[in-house]
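Peer 1: Top line first, the protein sequences correspond to chains A and L.
Mapping the first sequence onto the working numbering, position 276 (from 1) lands on 276, and the numbers just tick up by one.
Heads up, the working numbering is the position in the second sequence plus 277, with the first residue counted as 1.
Check the hints yourself; a few may be wrong.
[What the hints assert, rightly or not] Listed below are the simulated EDC-like cross-link pairs for lysine to aspartate or glutamate, each with C-alpha atoms no more than 16 angstroms apart in a straight line:
id: 1; chain 1: L; residue 1: K384; chain 2: L; residue 2: D404
id: 2; chain 1: L; residue 1: K362; chain 2: L; residue 2: D332
id: 3; chain 1: L; residue 1: K384; chain 2: L; residue 2: D396
id: 4; chain 1: L; residue 1: K416; chain 2: L; residue 2: D332
id: 5; chain 1: L; residue 1: K613; chain 2: A; residue 2: E181
id: 6; chain 1: L; residue 1: K613; chain 2: A; residue 2: E5
id: 7; chain 1: L; residue 1: K379; chain 2: L; residue 2: D396
id: 8; chain 1: L; residue 1: K686; chain 2: L; residue 2: D551
id: 9; chain 1: L; residue 1: K613; chain 2: A; residue 2: E183
No lab work stands behind these hints, which were simulated from the structure alone.
Chain by chain, the residues:
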Amino acid sequence: MTEMEASVARFAAMGTRVELHLFGCDDPAALAAARAAIHSVEDALTIHRPSPATALNDALSRGRSTVVEDRLLFGALLQVDALWRETGGLFDPSLGSWSSLTIDPASRQVLTDRPLTFDFGGFGKGHGLDHAVTALRAMGVTSALLSAGESSIAVLGQHPLGGGWPLAVPHPEDEGAWLVELELQGASLSISSTIGTGASKPGRAAMIRPTDGAIVTTPATAVAAAATGAEAEALSTALLVADPAARERLRATAPDYRFLFPHAAPVGAERALEPTA
Amino acid sequence: MTDDDFALSRRTFLDRVLLASAGVGMSAAAPWAARAAEDIAKGPRVRIGVIGTGDRGRTLIQNLNKTRNCTVAALCDNFEPHMTKARAYVPTNTPIYTDHRKMLESKQIDAVVIATPLDLHARHTMDALDAGYPVFCEKAMARTIADCGAMVTRARARGKILQIGHQRLFNPTYLNALKRAQAGEIGPITQIRASWHRNRSWRRQIPPGGTEREINWRLYRDRSAGLMTELATHQLQVANWFMGGLPTRVMGSGSICFWKDGRDVYDQVALIYDYSDGRKVIYTSMLNNARYGCEEQIQGSKGTIEPELGRIYQEVQPGAVPALARMRADVQAGRKNTVPIGGATWFPELPVTTPGDSLGWGEYDETMLQFEGFGEAVRSGREVPGLLAQAYHASVASLLGEQAIDQGKALAWPTDLVTF
Numbered sequence: 001m002t003e004m005e006a007s008v009a010r011f012a013a014m015g016t017r018v019e020l021h022l023f024g025c026d027d028p029a030a031l032a033a034a035r036a037a038i039h040s041v042e043d044a045l046t047i048h049r050p051s052p053a054t055a056l057n058d059a060l061s062r063g064r065s066t067v068v069e070d071r072l073l074f075g076a077l078l079q080v081d082a083l084w085r086e087t088g089g090l091f092d093p094s095l096g097s098w099s100s101l102t103i104d105p106a107s108r109q110v111l112t113d114r115p116l117t118f119d120f121g122g123f124g125k126g127h128g129l130d131h132a133v134t135a136l137r138a139m140g141v142t143s144a145l146l147s148a149g150e151s152s153i154a155v156l157g158q159h160p161l162g163g164g165w166p167l168a169v170p171h172p173e174d175e176g177a178w179l180v181e182l183e184l185q186g187a188s189l190s191i192s193s194t195i196g197t198g199a200s201k202p203g204r205a206a207m208i209r210p211t212d213g214a215i216v217t218t219p220a221t222a223v224a225a226a227a228t229g230a231e232a233e234a235l236s237t238a239l240l241v242a243d244p245a246a247r248e249r250l251r252a253t254a255p256d257y258r259f260l261f262p263h264a265a266p267v268g269a270e271r272a273l274e275p276t277a
Numbered sequence: 278m279t280d281d282d283f284a285l286s287r288r289t290f291l292d293r294v295l296l297a298s299a300g301v302g303m304s305a306a307a308p309w310a311a312r313a314a315e316d317i318a319k320g321p322r323v324r325i326g327v328i329g330t331g332d333r334g335r336t337l338i339q340n341l342n343k344t345r346n347c348t349v350a351a352l353c354d355n356f357e358p359h360m361t362k363a364r365a366y367v368p369t370n371t372p373i374y375t376d377h378r379k380m381l382e383s384k385q386i387d388a389v390v391i392a393t394p395l396d397l398h399a400r401h402t403m404d405a406l407d408a409g410y411p412v413f414c415e416k417a418m419a420r421t422i423a424d425c426g427a428m429v430t431r432a433r434a435r436g437k438i439l440q441i442g443h444q445r446l447f448n449p450t451y452l453n454a455l456k457r458a459q460a461g462e463i464g465p466i467t468q469i470r471a472s473w474h475r476n477r478s479w480r481r482q483i484p485p486g487g488t489e490r491e492i493n494w495r496l497y498r499d500r501s502a503g504l505m506t507e508l509a510t511h512q513l514q515v516a517n518w519f520m521g522g523l524p525t526r527v528m529g530s531g532s533i534c535f536w537k538d539g540r541d542v543y544d545q546v547a548l549i550y551d552y553s554d555g556r557k558v559i560y561t562s563m564l565n566n567a568r569y570g571c572e573e574q575i576q577g578s579k580g581t582i583e584p585e586l587g588r589i590y591q592e593v594q595p596g597a598v599p600a601l602a603r604m605r606a607d608v609q610a611g612r613k614n615t616v617p618i619g620g621a622t623w624f625p626e627l628p629v630t631t632p633g634d635s636l637g638w639g640e641y642d643e644t645m646l647q648f649e650g651f652g653e654a655v656r657s658g659r660e661v662p663g664l665l666a667q668a669y670h671a672s673v674a675s676l677l678g679e680q681a682i683d684q685g686k687a688l689a690w691p692t693d694l695v696t697f
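Isolated chain A, as found in the complex:
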């Protein structure tokens, strides 16, 4: 197999379609390992069937403390905790209740002073891709692009033709136009949007601002690139729900990798793209 030939896996997971494209590697075990990693994360974090996450929700919804035995779930909780702090509470899978949680890394005990539940949502996709990337690296893969529902993308190593991976986020309403173009290497990208084909599908959960419980319906697309999928997911979600001041604080840290594109004009109206908000 040449460096430019790809082996591909396509499958349904985490409520969406997942594609894994590995370049220069034809070892089926590598694809299998990445796929298994994603399913393992889904098994741990899903709330759509019995899982460690639903067991945790069951305890916390009664206001009880519990010890989280599942390694993947506990790792996710620690990561969410760090991202909740990094985003000033704007990324919060408990919808505003995270501050009442205490997580003890030593005992793996999770305590809450009021009833709450989690829905890891998009974080699960980013986190799943992170685990897949780790699995691929362990299998010796050096160049790959992974997509979960096209809203979560991870690139491993360099593009097969060298350098970074050129990615462009399409405008959700203006076919052929791009919101932003980024060149990434060994990084992850997350897109959160209140409009577009995927956003209008039945069954989609509303985007909620955890700090005040408001449902965010303003037409907008947030794009965030980060070292990990988990961080990118947290940041794109936070950017989408943040008020202007909080959004500027988030963007200031890495303005070339964090964007919010409002789509306030009527659909189809003539308007210039707004690459930064």
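Since the structure of chain A is already known, use the hints to place chain L on it.
Peer 2: Below, chain L alone, put in the same frame as chain A:
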């Protein structure tokens, strides 16, 4: 062929039954179908005495009239308004009776068709068998599991044919659905959701001379198990058929939820039937909402069959992401182009939005066909194979479901049933 093409010739209909029943494994799963669709032997028509001339009885008389090997030779009913309506479908000189025993003693018939209220099925069947006649009885078989078994045992003891009306067994759409399921098109079947939802009271106007218990017998427990025996029986037969086995246990709940009009049968039931290997049939029936109507959703790992709609659906597999396919092609060609990707998360199409494919063959002459099969069985003295077991197990499943609801606990499939 279009879905609306109902104007098929009888020969075409029979050819389709034969075609549908000719698949791998079909001779074991539906041994009756090919037999019933065989050419009719020459000879005098089988003279049928019909007991019960209510709505269902008159429908059966009309279907008997379509057959090439049966003729209605006597009618029996003690309710004059029904008899008057039924006589319009038979020659004016057709003998009529108010007591079924008199009809059986007349010796002017060759076989008996029974379309009386459920609680009378066993008595009328036993009497006819004891009088030496083959019997075709409407489903469900009887009001109790014990009576269902007794009917089978009596037929065997008398050496007479007993056939129970389950017309879906002869429906080409169902036969074709079974053939495609057996060919693996929808993968292993692990769950069937079946429902029969109506939005009407089921209560009938009582004509002059009628009584509430005679006309509205379906609404009273001493005469019927209501939804379980009058509707669920059909679909539990289909479930057993497609599952290729029998339930291991049943649990359920029922209530008189909407039609609080003096009836004592449930107007709403919900049951779960367990089958081997964790497979399940989930059944609901109600009388105050018709949105989901009558259907069996036969679900396998690769697809779903909905035979009442005549549709087969494949599981929706995610399509490839076009931008990533282009990326691979570009890389292969040595081009490094920008990959346009990203937006709100891709969601799969909801299954209800997928149209599925037609199973075809939606015409309905199966009631006539099962009578022709009965007629040939009477002539030859050989029963149409497989039918009685299907009917018996469907009736047991419906009555066991009623018991599970009444007792509020899961009940195991009985171990003392008649064997086939």
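Peer 1: Now, for every hint given, state plainly whether the structure supports it.
Peer 2: Right, here's what the structure says about each hint:
Of the pairs offered as hints, the one joining K384/L and D404/L holds, with about 14 angstroms between alpha carbons and a cut-off of 16 angstroms not exceeded. Pair hint K362/L plus D332/L holds up; C-alpha atoms about 9 angstroms apart against a cutoff of 16 angstroms. Of the pairs offered as hints, the one joining K384/L and D396/L is violated, with about 25 angstroms between alpha carbons and a cut-off of 16 angstroms exceeded. For a cut-off of 16 angstroms, the pair hint linking K416/L to D332/L stands: about 14 angstroms separates their Cα positions.
For the suggested pair K613/L and E181/A, the alpha carbons sit about 14 angstroms apart, so the restraint of at most 16 angstroms is met. Note on K613/L and E5/A: the hinted pairing holds, with a Cα-Cα distance of about 13 angstroms set against a maximum of 16 angstroms. At roughly 20 angstroms between alpha-carbon atoms, K379/L and D396/L are farther apart than 16 angstroms, so this suggested pair is violated. As the CA atoms of K686/L and D551/L are separated by approximately 13 angstroms, the hinted pair is consistent with the 16 angstroms bound.
Pair hint K613/L plus E183/A holds up; C-alpha atoms about 12 angstroms apart against a cutoff of 16 angstroms.
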